[in-house]
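Colleague: Each chain, letter by letter, is given below.
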Amino acid sequence: MSTRLATGGRLIDHAAPMTFTFNGKEMQGYAGDTLASALLANDRMLVGRSFKYHRPRGIMASGAEEPNALVGLGRDGQFEPNQRATTTELFDGLESTSQNHWPSLDHDIGAVNQYLGRVLPAGFYYKMFLYPRAFWKHVYEPFIRHSAGLGKAPQDRDADSYEHFHVHVDVLVIGGGIAGLQAACAAGRTGAKVLLIEQTAHWGGRAPVDGGVVDGISVDAFTQNLIAELDAMENVTMRLRTMGAGVYDHGYVLGYERRTDHAPDMGGPRHRLWRIRAARTITATGAIERPLSFSGNDIPGVMLASAVRDYAVNFGVAVGDRTLVVTNNDDGYRTAIALKNLGLDVPAVIDARPAGGGALAQEAASLGIRIETGKAVAKALGGKRITGAAVCAQAGTGSVDEEIECDCIAMSGGWSPVVHLWSHCGGKLIWDADHAFFRPDPARPPLGAEGQGVVMAAGSANGALDLAIALADADYAGRKAAEATGYRPKRGRPPEAEQAGEAPILPVWQMPEGADQTLRAKTWLDFQNDVKVTDVQLAAREGFESVEHTKRYTTLGMATDQGKLSNINGLAVLSEALGQAIPATGTTTFRPPYTPISMGAIAGEARGDLFQPLRRTPMHEWHEANGAEWEPVGQWRRPYCYIQGDETPADAVTREVTAVRQSLGLLDASTLGKIIVKGPDAGQFLDMMYTNMMSNLGIGKCRYGLMCNENGFLIDDGVVARIDADTWLCHTTTGGADHIHAHMEEWLQTEWWDWQVYTANVTEQWAQIAVVGPNARNLLEKFTDDDLSAEAFPFMTWKDVTLNSVRARVFRISFSGELSYEVATPAGMGRAVWNELLAGAEEFGATTYGTEALHVLRAEKGFIMIGDETDGTVTPQDLCLNWAVSKKKHDFIGKRGQQRSHLCDPKRWRLVGLQTLDGSVLPDGAYAATQARNANGQRKTIGRVTSTYYSPTLKRGIAMGLVENGPQRMGEVIDFPMLDGTVQQVRIVDPVQYDKAGEKQNV
Amino acid sequence: MSEVWQNQSALPGASATGFARVDEIGLRGAIVLRGDLSSSAVKNVATGIGGVDMPGTLGINLVEERAVAWMSPDELLLMMPYAEVDVALGQIHKTLEGQHYLAQNVSDTRAGFLVSGARAREVLAKLTPADVSPDAFPKGVVRRSKLGQVPAAFWLNDEGDIEVICFRSVAQYVFDLLANAAKAGSEVGYFSIPD
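Going down the list, the sequences are from chains B and E. Take 1 as the starting number for the first sequence in full-length UniProt numbering and just add one per residue. Take 1 as the starting number for the second sequence in full-length UniProt numbering and just add one per residue.
By construction, these hints were calculated from the structure, which means they are not laboratory data. The model shown is predicted, which means the values in this text are computed figures rather than measured ones. Virtual Cβ for every residue (Gly too), placed ideally from N, Cα, C. You may find that some hints are simply not true.
Claimed, not checked - One-sided excerpt, in silico: chain B residues whose CB lies under 7 angstroms from chain E:
no.	residue
1	F165
2	H168
3	Q756
4	A760
5	G828
6	M829
One chain only, chain B, in its complex shape (with noise of 0.2 angstroms):
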């Protein structure tokens, strides 16, 4: 029986009693429980299902490496599955469900699995879904997604809120334990920036329950020293519940603060992600004891020794009346002396050392335990809850010596470093033979940019297991990380601590030593999936050679835990199994983060509204009042068309584009890149930048000109502006404004450094108004007594004009074909510039329109769209812009590109307007076919639809594309095979499709 006992419990408080619910059940903690310790202390052993075979589940550690022991937690909105008991603080009103079972936690069905255990080997998802084929979709898949995954995903919007937190550290010191606690303060004390993080509520970690005594003071007393000195330090930063989740390059660590999980109720972010750049980082991250490998150690009841020793210590909780203590190590003897010591029953410590434990054995002895050496469990006997033991010789094949009876097994087969941490970036092992334990091996720390170690282990994170060794190495990784980081440690003596004779650790891997295989198939490595000793025998027997291999093979240490109390334990199995020494099977991967994080802290604050920033012109807002359907266009709104009562969006485009060609239109062309370059060798820049010239551009004049890359493929257009003699201003798409100017820069940063010409990316200094239509110059001549004629301001040109006080820049170019403006002016006037043409276009009905409508508008007109016409591998050739690529430019970029033979074919697919014989609209991207079959037997394309709109203006479908040898088959019609089995009949036409001469813009 699992109870709380009366007294002691040095984490809770008896006096703050709260009521949290475990499956619908009311149950009863305190203050500075964990849901692992509430439910043990009203007797819940059993608290979920393993993943395969649905076994019963108890908790089985005390803290971050618990594989059983997982809830879903919380409702609604903040329900979450998969979250350790072990590492939940209690709070009153907790909710809390177990999960993987049906109908119920003690009545499965699905624990039927456990008895299919032979027909469910190793491999048997490879194995099984193979055959037959048509098994795969109807059977094997419905059933692996009804299994998958061992809690449920949440239903609903996460509620709370998270968010991230930048800093930067000389030192960053992970676990708060005493090794933590001694480095972080070696470090501060000479003044360097340190910053201690704790994953749990607490300081010290495991010492103040394992004991000891340290300067001649008890180790609790001098933990609490170490903690009012480093809370002194102006320089050192300490924050608990917070995890070193993961290294990553350049000194980069992330923390996981989980702020609120323990007080739903103090509001303010759920979790916060510290993303911390450390100049050296100290990895204190402790050990986890193993567990050892006998048959029915699955059992709720069996337990890690250090666990069963954590709820005693910590929360006055005695998982068993009867304890037996199972170990290879004088440390099990620990737990079988604190329980001596609060009252409980230890019947036996069955240590697997003939020759028996040190002087904690010897203490053990002295409290009158029994003590069996040379021994091991044959077998823990129970269900869903240990009654008893077998116990037998450890040297034999398990021939039972007796039974003892116990409700509770403390298991301890050594301890292993935390070395994750130290392995996320690169941090290489050793394999200490004489502990039986991997760690950190200090001549191949992760590097830094300069080539030095940016991570040390401290403690017995860095396998220094004893109390003694561990303060002095502690100390030791503080003091060399300051001086690593500019700082001068004082010189002092480490704190000492006294040492206990402890004799040496027996490796077990299996116990007893020669199992057989009705033991060994009951022997549990991997918790959560269900992975046994056998399970790892029979995959090297059939060649799994590679630890990485026979993980994924077998899923050792692939569930949420990652395997952290498996994975010695696997490969040792493994090594044995090959007959090879551990070292050289090696370890799995070691990948960030250390435990899962919540997806709500990686994201942070970018979530709603902050999910992307979304760029507003400065008439967004009025856009937004009258109509506007959007349209995203990289991080910019911009209006498809704007509705008008209940018009659907093509009704409204069409409506756009009629008033356009018949009087006015106006529309916000503000995101339109423009970029200046200045300086003497500009011009001569500008001719390398794009594929016409623009060195002769005169002053006041205007030039559509075409950029290409070094492979002389399109990747951009626009209207170029001469401003003065050595200013020009480009406009690039609205895309292409950053990295068109990127383009730039790199080009005169990397190539042509000694030319003189400045850019600079003026795209946002200026709102940009499209005033289109025959009365164009009717309403800008509302505005201005400047002279606007066609002889004053002729096509192509731009002038600095003034309307109505305010001056803007006048660009007389067309995208639609009629007469047309652009107005720039000042963002800050932008809205009312805006606002002031509108309401002075009134008596010209004229309309704003959208992007639908200006891409109708191009279209009619045969004029090319950048990511329409091109998509990265069309040239300006294709595209029948020969007249745009200057042939007297000795270069340009993209030149050298489009002589290469393929660019030069012939038979390249090139532009021409294609109009359906029956008037409909080509649906976009559709392919033109020949009878014609390719070697895979399928119909050979010649061509493609890049634009296709319908067109009010001509009342029909009109479409632009490219097909083989297109402008040599004017006339001719082709197939476009449709979705449904259908051919739409396409005639080839010239793609101006309206106002050929170009007569309404130059007007």
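With chain B held as given, fit chain E onto it using these hints.
Modeller: Frame of chain B; chain E shown alone:
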């Protein structure tokens, strides 16, 4: 059409209060000046307009509404009252005529915010990877970095008084970011607060 058309900053009057305050600054004049920062002509015209000494790398010198900020090895941002920009630009063109330089009015290019309060640094540290601790980010330093997902620059007017500039199109995003990061109850308690 005789009335004067009104010029507007990006988010006139926007303001939010949490553990720190966030206020939009309003219109301010700004000129980007690119040139040889070691030339005495460039230095003279910049410091003349800014009314402050020439800043070094990552430096900004301020006095009241004027400032000269180092933006890159060949770029300065000159700040001044909005109404004075044209005169200042004229002065630059006159002084640097014949030299290789670029000067553009960028007064409307950006939005500005003031983040004020004893924990103003924490608001920024939630959003920028730049080191904004008192030793790395004292008065006189300007950082061009990012806030959330967009570029931004920031400097201290005084302790507890941080000015942030970003592109005008993302003014709402940056304001929302800052206001969200400054929400009461989300204080981090990391940077020590001066007495």
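Colleague: Double-check B:Q756 for me: the hint is only fine if its C-beta lies closer than 7 angstroms to a C-beta in chain E.
Modeller: For B:Q756, the interface hint holds, since the closest Cβ of chain E sits about 5 angstroms away, which is under 7 angstroms.
Colleague: Under 7 angstroms is the threshold here; is the Cβ of B:F165 close enough to any Cβ of chain E for the hint to stand?
Modeller: 5 angstroms, holds
Colleague: Return the status of the interface hint for B:M829: holds when the least beta-carbon distance to chain E is below 7 angstroms, violated otherwise.
Modeller: 5 angstroms, holds
Colleague: Grab the minimum C-beta distance from B:H168 to chain E and call the hint holds if it beats 7 angstroms, violated otherwise.
Modeller: Holds, about 4 angstroms.
Colleague: Tell me if B:G828 is really an interface residue toward chain E, meaning its C-beta lies closer than 7 angstroms to one of theirs.
Modeller: 4 angstroms, holds
Colleague: Would the hint on B:A760 be counted as holding, given a Cβ-Cβ threshold of 7 angstroms to chain E?
Modeller: 5 angstroms, holds
Violated hints: none; the structure is consistent with every hint.
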